Amino acid sequence: MTTAETTPAKTTTTEPTERTTEPVTHPTLPVATGRQSAAELWRAVRAHRSEALVVLLLTLLASVGVVAGPLLLGSLVDVVREGATTGEVLALLAVTAAAVLFGAVFTALALRAMERLGARISADLRERVLARALAVEPKVLERVGVGDVASRVTEDVEHFVAAVPLVSSVFGAVVTVVVSALGFASLDYRLALAFCAVFPVYALALRSYLPKAGPLYAAERRDAAERGRVLLESLHGLPTVRAYDMQELQAKRVEVASERNVSTALRALKTVLRFSVSMNAAEAVGLSALLLTGYLLVTSGEVTVGAVTAAALLFHRLFGPLGMLLMSFDDMQRAGSALARVVGVLLTPQEPERAPRSPRGPVSLTAQGVRHSYDTGREVLHGVDLEVPAGTSLAVVGASGAGKTTLAAILGGVFPATQGQVRLVDDGGPVPVGELDQDGLRDWVGVVSQETHVFAGPLRDDVLFSAPGSTDEQVRDALAAVGADAWVRALPQGLDTRVGAGEHPLTASQVQQLALARLVLRDPPVVVLDEATAEAGSSGARDLERAAEAAVRGRTAIVVAHRLTQAKACDRIAVVDAGHVVELGTHDELVALGGRYATLWAAWSQR
Numbered sequence: 001m002t003t004a005e006t007t008p009a010k011t012t013t014t015e016p017t018e019r020t021t022e023p024v025t026h027p028t029l030p031v032a033t034g035r036q037s038a039a040e041l042w043r044a045v046r047a048h049r050s051e052a053l054v055v056l057l058l059t060l061l062a063s064v065g066v067v068a069g070p071l072l073l074g075s076l077v078d079v080v081r082e083g084a085t086t087g088e089v090l091a092l093l094a095v096t097a098a099a100v101l102f103g104a105v106f107t108a109l110a111l112r113a114m115e116r117l118g119a120r121i122s123a124d125l126r127e128r129v130l131a132r133a134l135a136v137e138p139k140v141l142e143r144v145g146v147g148d149v150a151s152r153v154t155e156d157v158e159h160f161v162a163a164v165p166l167v168s169s170v171f172g173a174v175v176t177v178v179v180s181a182l183g184f185a186s187l188d189y190r191l192a193l194a195f196c197a198v199f200p201v202y203a204l205a206l207r208s209y210l211p212k213a214g215p216l217y218a219a220e221r222r223d224a225a226e227r228g229r230v231l232l233e234s235l236h237g238l239p240t241v242r243a244y245d246m247q248e249l250q251a252k253r254v255e256v257a258s259e260r261n262v263s264t265a266l267r268a269l270k271t272v273l274r275f276s277v278s279m280n281a282a283e284a285v286g287l288s289a290l291l292l293t294g295y296l297l298v299t300s301g302e303v304t305v306g307a308v309t310a311a312a313l314l315f316h317r318l319f320g321p322l323g324m325l326l327m328s329f330d331d332m333q334r335a336g337s338a339l340a341r342v343v344g345v346l347l348t349p350q351e352p353e354r355a356p357r358s359p360r361g362p363v364s365l366t367a368q369g370v371r372h373s374y375d376t377g378r379e380v381l382h383g384v385d386l387e388v389p390a391g392t393s394l395a396v397v398g399a400s401g402a403g404k405t406t407l408a409a410i411l412g413g414v415f416p417a418t419q420g421q422v423r424l425v426d427d428g429g430p431v432p433v434g435e436l437d438q439d440g441l442r443d444w445v446g447v448v449s450q451e452t453h454v455f456a457g458p459l460r461d462d463v464l465f466s467a468p469g470s471t472d473e474q475v476r477d478a479l480a481a482v483g484a485d486a487w488v489r490a491l492p493q494g495l496d497t498r499v500g501a502g503e504h505p506l507t508a509s510q511v512q513q514l515a516l517a518r519l520v521l522r523d524p525p526v527v528v529l530d531e532a533t534a535e536a537g538s539s540g541a542r543d544l545e546r547a548a549e550a551a552v553r554g555r556t557a558i559v560v561a562h563r564l565t566q567a568k569a570c571d572r573i574a575v576v577d578a579g580h581v582v583e584l585g586t587h588d589e590l591v592a593l594g595g596r597y598a599t600l601w602a603a604w605s606q607r
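When we follow UniProt numbering, the leftmost residue of the sequence shown carries the number 1, and every step to the right adds one.
One should not assume that every hint holds.
Cut-off 35 Å, straight-line C-alpha distance, at most; resulting in silico cross-link-like pairs (DSBU-like, lysine-lysine) [as the list claims (entries may be wrong)]:
1) 212 with 252
2) 252 with 270
3) 212 with 270
Because the hints were derived from the structure by calculation, they are not lab data.
None of the values given here were measured: they were computed from a predicted structure.
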């Protein structure tokens, strides 16, 4: 029999904080440099090098066809001026039409090939980023919050994916400009030099635009992530927000974050509009220089009218590619900022791969000298020592803010302790929790918290997330074990009923039963329930407690108890206060002790 223990409690006081809506700096995942982003893109292209070579070849052929049209039309002008026959004119027209058709066909093929390549690169990036986001160390996720990660794997990935077709078009435009420059040179080098007059004006415009655009778009993505974080915080904490009448405060925080995001976006828009005006000026300067040079060369008899016509048509034909190329700097800056944040996820440290070790026989759990501090530096657990023998249950009780949830998370391996160690002990000896990766750890420890998610899709799939290879019979057995079989059978399509957002609604108790059924199906030897029955109303409280008892039966269990009747059913009870375990023993021992637990039980019994 265990002996009840008690230790002096430490009290802490906190000063009230003034409510504020001022922006606060919040830690985020890393943001990649331009070199790192480019390296990731190059890696993606190399992974599809054969398709990339096909795109390059098709784009070159398309550009040749596009440039051939104006050159042939220029020749047509000279032929007509020289008095060619109708047959000669028609023959040249046919060749010109064939060149235009050639260019159109290969342009379409190049665009299709580029879209296919872009889709493959986008899909690869999505999969890699999502896989890395799911592998982010829990302590990192705890520090940066869900909002930053969610915005990167959704909004930022979408921004980059939306820009992939643009990248393809930019590549095509670059090839067209290079081939067109060669076309100018084939006409007369002086016409080519006149064409180059456009570039100093473009350079001045870019010199003014680029230093402003990059930081603006990076700031816009950061502000969007902060807006998402504040919004998610408000939605996830809605019960608390309502309980403390903080709706107006939270709405103001969302409004401030949204206004900051809109303000940054408007500054970026004004910058790109000024850049557009500069581009139009550059086109006017370039065309004027080309026509003036052509006039002087024609009047001196050094070039033909057809050559100048071809040069003017080539330049006019380049308005689209050049304009798109330069205007794309706007979208490319946005995409670059998004890509830097996406690649930042890939740069985030993930858990090192460790050799898997499956549990052998019954498993006990020990915690020695467990201390924990969050980023604020305030220690919330102070040297906790616990031992839970194999097959027994330990309830953890205490006031809100005592450190129960932090202790449960550390015991369950959700994140590591700042100091101290948690070990799992089976027939093969002790295994520190920190030496198991998340996949391996879940073979040892199952965790069910108060915040349970219902995945959108058939209810069967929702349960199967914990053990994908299970049969329908095993799923039904798991549901029956936690008392959910009756209401599942009553669903419109049984296990095939779609649940989750926008689908068949489930009560809070049913959601928790699903989480417990997942636990039963996974069948880990150790379980941690962090107030897993707290969401149930009084009508379903006893049913949910019975479900929790069934889920932990025969396992080593740590139960953060919301109801003291649940704590009473456990083999031992640990009372946590201000980060210390101040009492430890059975229900009867602690009641007889007359300490904290006895006071809590007396108050509970009178309800």
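Hints and how they fare:
1. 212 with 252: holds, 29 Å
2. 252 with 270: Given pair residue 252, residue 270 holds - Cα atoms ~27 Å apart, limit 35 Å.
3. 212 with 270: holds, 11 Å
In summary, the structure agrees with every hint in the numbered list given earlier.
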